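Trainee: Sequence:
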Amino acid sequence: MGKWRCILAVLLTAAGVALLPSGCVAYKLDPAKIRDVEYTVTDKEDVPEEFLERIEEAKEEPFELSYADQGCLYAARGYGKQKTSGYSIEVTACYEAERAVYIETALLGPDKGEEITEAATYPYVVVKMEYIDKQVIFE
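Residues 1 to 139 (the UniProt record's numbering) are what the sequence shown spells out, left to right.
Possibly wrong hints are sitting among the right ones.
Unchecked claim - What follows is a list of derived Cβ distance ranges for each label pair:
# : residue 1 : residue 2 : range
1 : Cys72     : Ile116    : 25 to 35 Å
2 : Ile34     : Lys83     : 37 to 47 Å
3 : Thr121    : Asp30     : 33 to 43 Å
4 : Ala120    : Glu49     : 16 to 26 Å
Unchecked claim - Heads up, simulated DSS-like pairs for lysine-lysine below, C-alpha to C-alpha not over 27 Å straight-line:
#  : residue 1 : residue 2
5  : Lys134    : Lys112
6  : Lys83     : Lys44
7  : Lys81     : Lys44
8  : Lys112    : Lys33
9  : Lys59     : Lys134
10 : Lys33     : Lys81
11 : Lys83     : Lys134
12 : Lys83     : Lys33
13 : Lys83     : Lys59
14 : Lys59     : Lys44
15 : Lys81     : Lys112
16 : Lys112    : Lys59
17 : Lys83     : Lys112
18 : Lys134    : Lys33
19 : Lys134    : Lys44
Since the hints were derived computationally from the structure, they do not count as laboratory data. No experiment lies behind these values; they were computed from the predicted model shown. Note that CB positions come from ideal geometry on N, CA and C, so glycine has one too.
The whole structure should be built from the sequences, with the hints applied where relevant.
Mentor: Rendered as structure tokens:
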């Protein structure tokens with residue numbers, strides 16, 4: 001009978017541990033817009049040097065980065081290596097939601113009739129906005 005008591009005690013302990021709350025909280029990010037965020041597409045020479053270095057390190061592959069500096073939030077999205085010139089990136093939306101700032105971008109290919117060169121390019125865009133203490137999500 002002692003053997004069965006031991007097995008029962010182990011099973012009850014395991015069940016009790018499994019039912020304890022883990023302390024992790026999962027929540028779904030709700031992209032419902034609270035407000036539009038004013039932003040500026042920033043020229044390379046106006047990007048903070050430290051952030052520009054991170055972009056240069058990441059540009060071979062698609063990337064999404066953010067950086068805070070002097071009350072401003074910089075967000076960069078790159079589309080990785082492209083085989084030709086002529087690509088551009090359009091920012092179609094930038095808005096604040098309850099738990100995040102959402103930035104929507106689109107990679108635009110070369111225009112028809114545009115002269116392109118067969119050289120690798122690394123298109124990316126840097127958006128500058130007021131500092132908002134929220135996660136940045138690119139769509």
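Trainee: If a hint holds in the structure, say so; if it does not, say that too.
Mentor: Quick rundown of the hints versus the structure:
1. Roughly 34 Å separates the CB atoms of Cys72 and Ile116, a value that falls within the hinted 25 to 35 Å.
2. The given range of 37 to 47 Å is respected by Ile34 and Lys83, whose C-beta atoms sit roughly 40 Å from each other.
3. Take Thr121 and Asp30: their Cβ atoms lie about 36 Å apart, and the range 33 to 43 Å holds.
4. One distance hint, 16 to 26 Å for the beta-carbon pair Ala120 and Glu49, holds here, with the actual separation near 24 Å.
5. Proximity of Lys134 to Lys112 is assessed by CA-CA distance (about 39 Å); at most 27 Å being required, the pair is judged violated.
6. As the CA atoms of Lys83 and Lys44 are separated by approximately 21 Å, the hinted pair is consistent with the 27 Å bound.
7. Proximity of Lys81 to Lys44 is assessed by CA-CA distance (about 18 Å); at most 27 Å being required, the pair is judged to hold.
8. Only pairs whose Cα atoms come within 27 Å are accepted, and Lys112 paired with Lys33 is rejected, the gap being roughly 35 Å.
9. In summary, the hint linking Lys59 to Lys134 is supported, as the alpha carbons are separated by about 24 Å, within the 27 Å threshold.
10. With a C-alpha separation of about 32 Å, the suggested pair Lys33 and Lys81 falls outside the 27 Å cut-off, and the hint is violated.
11. Restraint check for Lys83 and Lys134: not satisfied, since their Cα atoms lie roughly 35 Å apart, outside the 27 Å limit.
12. Between Lys83 and Lys33 the alpha-carbon distance is near 36 Å, which puts this suggested pair outside the 27 Å criterion.
13. Taking the CA atoms of Lys83 and Lys59, the gap is about 14 Å. The hint holds against a cut of 27 Å.
14. Distance restraint check for Lys59 and Lys44: the Cα-Cα separation of roughly 14 Å lies within the 27 Å cut-off, and the hinted pair is therefore satisfied.
15. This hinted pair checks out: Lys81 and Lys112 have alpha carbons roughly 21 Å apart, not beyond 27 Å.
16. The straight-line distance between the Cα atoms of Lys112 and Lys59 is roughly 26 Å, inside the 27 Å bound, and the hint therefore holds.
17. Note on Lys83 and Lys112: the hinted pairing holds, with a Cα-Cα distance of about 16 Å set against a maximum of 27 Å.
18. Our distance criterion of 27 Å between C-alpha atoms is met by Lys134 and Lys33, whose separation comes to about 14 Å.
19. Straight-line distance between C-alpha atoms of Lys134 and Lys44 comes to about 24 Å, which keeps the hinted pair within the 27 Å bound.
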